[in-house]
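Engineer: Residue numbers (our numbering), protein chains in the order written: chain A, 14 to 367; chain B, 14 to 367; chain C, 14 to 367; chain D, 14 to 367.
Keep in mind the hints are simulated off the structure, nothing from the lab.
Check before you lean on any hint, since a few could be wrong.
Copies of one chain are not kept apart here, so a pair can be met inside one copy or by any two copies together.
To be verified - Distance condition first, Cα-Cα at most 27 Å in a straight line; then the derived DSSO-like pairs of lysine-lysine:
| hint | residue 1 | residue 2 |
| --- | --- | --- |
| 1 | LYS17 | LYS243 |
| 2 | LYS202 | LYS243 |
| 3 | LYS243 | LYS228 |
| 4 | LYS243 | LYS147 |
| 5 | LYS17 | LYS202 |
| 6 | LYS147 | LYS228 |
| 7 | LYS228 | LYS17 |
| 8 | LYS202 | LYS228 |
4 protein chains.
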Amino acid sequence: MAEKLRIAVVGAGYWGPNLARNFSTSADWELVAICDLDRERAEGLAARVGRVEVYTDLAELLARADLDAIAIATPARTHHPIVLAGLRAGKHVLVEKPLADTRARGLEMVEEAAARGLVLMADHTYCYTPAVLKIRELIADGQLGDILFIDSVRINLGLIQPDVDVLWDLAPHDLSIIDFVLPDGLRPKSVSAHGADPLGAGRACVGYLTIPLDKGAIAHVHVNWLSPTKIRRMVIGGTERTLVWDDLNPQQRLSVYDRGVDLAQQSVDTVDRRSSTISYRLGDTWSPALPEHEALGAMAAEFAASITDGRAPRTDGRAGLRVLSVLEAATRSLEDSGNAASVEGAATRAEVVR
Amino acid sequence: MAEKLRIAVVGAGYWGPNLARNFSTSADWELVAICDLDRERAEGLAARVGRVEVYTDLAELLARADLDAIAIATPARTHHPIVLAGLRAGKHVLVEKPLADTRARGLEMVEEAAARGLVLMADHTYCYTPAVLKIRELIADGQLGDILFIDSVRINLGLIQPDVDVLWDLAPHDLSIIDFVLPDGLRPKSVSAHGADPLGAGRACVGYLTIPLDKGAIAHVHVNWLSPTKIRRMVIGGTERTLVWDDLNPQQRLSVYDRGVDLAQQSVDTVDRRSSTISYRLGDTWSPALPEHEALGAMAAEFAASITDGRAPRTDGRAGLRVLSVLEAATRSLEDSGNAASVEGAATRAEVVR
Amino acid sequence: MAEKLRIAVVGAGYWGPNLARNFSTSADWELVAICDLDRERAEGLAARVGRVEVYTDLAELLARADLDAIAIATPARTHHPIVLAGLRAGKHVLVEKPLADTRARGLEMVEEAAARGLVLMADHTYCYTPAVLKIRELIADGQLGDILFIDSVRINLGLIQPDVDVLWDLAPHDLSIIDFVLPDGLRPKSVSAHGADPLGAGRACVGYLTIPLDKGAIAHVHVNWLSPTKIRRMVIGGTERTLVWDDLNPQQRLSVYDRGVDLAQQSVDTVDRRSSTISYRLGDTWSPALPEHEALGAMAAEFAASITDGRAPRTDGRAGLRVLSVLEAATRSLEDSGNAASVEGAATRAEVVR
Amino acid sequence: MAEKLRIAVVGAGYWGPNLARNFSTSADWELVAICDLDRERAEGLAARVGRVEVYTDLAELLARADLDAIAIATPARTHHPIVLAGLRAGKHVLVEKPLADTRARGLEMVEEAAARGLVLMADHTYCYTPAVLKIRELIADGQLGDILFIDSVRINLGLIQPDVDVLWDLAPHDLSIIDFVLPDGLRPKSVSAHGADPLGAGRACVGYLTIPLDKGAIAHVHVNWLSPTKIRRMVIGGTERTLVWDDLNPQQRLSVYDRGVDLAQQSVDTVDRRSSTISYRLGDTWSPALPEHEALGAMAAEFAASITDGRAPRTDGRAGLRVLSVLEAATRSLEDSGNAASVEGAATRAEVVR
């Protein structure tokens, strides 16, 4: 068996422990260090994952020649300097979503990684769940046909974040998933965002995103911190079949409906236009069995494979950048009464270079 | 017992038979005639509800002096002339939703009724279901507190209508319900509408409405003809409680959640702003028992009572006009890439007069 | 088109109107009369289904030479004399469940019909629903493999019947369905019944039936009048697949699970017997689309076809007799503290004769 | 704060790690050792919970004078000797369900503990979940009124155990819960058990228990290893209200229905007995909020409190003995074709002594 890659986790707060636990049990990785400004927190985590080394100084950590990669789980506004420092020290980098707090900074990170030939991967964990991997596969196989609409709902009684609104808090999940399952990724020209802050929290607690897709299709995302019922459901309608992903129904997460509307060519002047032009398919429903694996494990494996194979990971920095581009446009739309805001081109120099 | 009011049903197509059956079995009404351009269709219906008279000529029907009212179930574009003819013949009028095909025509109808002191009622049937009546009552009683958000989803595999888009076909239900349960009715200043026609049907088959409400609240409506799963659910979030209406769950249609987010006054510079400013209520859930009655029966009773008492019915023409105003603004928004369109004032001369 | 068969409905109470409405709209049948001791009730029903003739005297009705068949919807204790009178007058007979109030009377009816070459059909309506027809087909096609267990739950807040217990009221549904879908019908040697009458209603309001099937399989039925939640679910486990029928979920009535336990041949002395002898299949779930038709219509068609073709209907008198045999044994078991009671052979002279 | 009690976990297999983790983080307990015949397994677990001591020899462990209690998570057939050894060494004992493999051995354990004034507690973990604690409280408060019926379903695709049938594997959960929530515990005179082994696994894989309760009430338990759908639901019907516990619905685990059947005194000779004697309550449904805590933590606290307070724990050895008595009778019934088997008196010398 090949030697393991060596990684350190930067940030021992909410998400860092999950990353640490995963890398520490991965067949591909050896977790060698935890880095956090708060030494006590870092040591607590280090103890729980097998007494790895502890750093409070990032530069000191990055100076280690035996380190292949870092995984960053710090607040979004700190991603830019830490990622750049990591890349400049020659380390591959995995970074929690969102990639950065602005598109411009995200772009700089992507270009830095490309210029150095290093892997920059976005931790879009949901994309590595069995359900989302299956959705991607079904769409790639043409099982759904052309995509007609995507409707995603992610609502729950949620913590009102002190620094970001509900769109930046929750929608990265939906957007990164949509980016992941669409064969060409999420590259809309514009986005409209609506929100409400009815409690006076200082930021939107209810948010809606509308995203025009190619060929007249549409994507819509509803995120909400104020709902007492929890819903996590995505419907993806296609010309052939429609898929419903109900993430809170472990007994039937995915349902593929072989039913829909067929539109025959329009006959202009019939008495009853309805019957002549439309027919329904009321076919079977099918719920594929999903393998059971932890998403974080699959993500860690993908990070390792992309380094070993010298290829972009499935959720590379540019995927993170596309999500960021939509979020940034959403914020502009929100500030402009929901009027459509153009999304800055996700095509970057990086795409040309690589 | 008082003498029954006498009514005729105009239009024997899809909805007319429901109206006819209801008025024919009502304690308040005597159904005396069916009117339809298609004599055979009118006669078929007349036979099924007890051999009432049949007309193919509206003027002839309206000439009957013993007729108190007409109930109109014809295509929307014909509402305007038929309603006006009815009113001018001195009849009270019930008209299927939407009130008219344009706001201007609806306004003319409302004003004509007001000028003549006749009842013009919109057949917003859903408003008379036990669930919606209970929602209205709960809000009026202050059980929900101030309204924070309303999210309504009405999706299903639906017939693509030959003349109207999905917003005009389905959203009148949601809008009339929202108008009915809000203490001041639905009187937004603007609305944003997004839609998609990914099958090339010639009109939106997927639609989203965003409606800013008072005090920073928001209403959102999702209607969809292309969804293989059927959902009819409205969430109404309030400062005190949040209500979920799941119309497809007969065993628990309404759930009232005594849980939510409380926002204490903002302390500016604490270390952990979250804990200092937010608290959660995780209270009980309560599902009120609903009486079992048919909505159409309650609507027929309300029509009769409004005539007898000389008062506006709960869903009067102006309610229908408010719905129409939002729909018309929605169409303008749809044509303007989803940019917010202003809603024409629902306040009419009629409101002053009456 | 062939001439229609002519039928009269006997009994205009709870179920009679459903039968009358169905026969009056059937392509195979002409409804010619309603018979009920209560003339007013008979006339009321007759008016609603198109002014057919009314009888209060059964003998008078049966004297009509132009009558081909009668459909009986009277209390169970009256089935025996009415069915025999009908058969002796040369009429084919459809009779509501249960076939009779005792097995002996049921047997006499079956033998009388056989001796006269007339059709005696049990109105096991559920068997003609799209779901049950599909279950029968799936089992016949071997899709489930050998049947391992059947578990049926039918509970609801129900009217406490004045004359029969919950087993006789509700279990005929489950038993007739099980009889219908099992390739060889329901022919158990014994049955155990447990019940409770905790309200002192004078009869069991909660009931459980346990029925040993061939090859070590088992069927179990739970019926309950006291449950505030309504459940109608049958699970049929097979060696190949397992089927769940949830009759209250119109969006997914049938689910076929391609998952289960495989038992390899037993290896006697392994260290870990579990892993060596058992494997799990976690395959897909499949929900077949069901045609939409009314069960009563399909039943009326089957009654007509069996007469025309000179064959036994799918739910013939002997099927009704098998259900009756189990019920009668259940009552004996109930009176004997739930100890197993033998089921009298459902094989009758009739089976030999026909 | 008082000194912590000191405990060792015996058995490091499937359940032991859960016990160890819980005692190691408990405010009441200090976990001091792990004991297992397999040293490697014991050391693995010891490392994960903070490097406690490891024993492979039970006698050596029990010789520690500083040890207050042991928690046993070994196979059922070994409970008897280990518990007795623990008690005879003066240790309080917690033992995994079932208490023992025979009632006689369980009785001996209970009497030994009573004689020595030591706590013997059954690890009926489910009883300490928020849902079951709330059910117990609701019943004790009279919210349900008198209990009419209990129906418990616990089915899933389950591992076929090599040594016990499905009744002994799963029903201890249901029985211990029923024992816990009934004010007087589960003390039936008899039980009937039905089972099936349709795969030829050598033991029942599908099982049904029927248990007559006081005043004509009934309890019924359905356990099943072969069901592809997972159900864990208990319905408890009372004269006042009925409770449904759906353990797989985290959003609404408990529902209390204020609806039911009222039976007025029977009037003998009315025309329509139904209407005169029965009335329905269709009241509200209420779903109490449940605190979030881990059951094992509450159980550890109860074990500590019972020792400190010198009282019996809520799920003491006699509760375990009552469950065992029912299981043993169930086995006898199963071997006797489901005929009712008498349950040996759960009243023991221990009950007199304590």
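Engineer: Quick check: which numbered hints come out false for this structure?
Structural biologist: 1, 2, 5, 7
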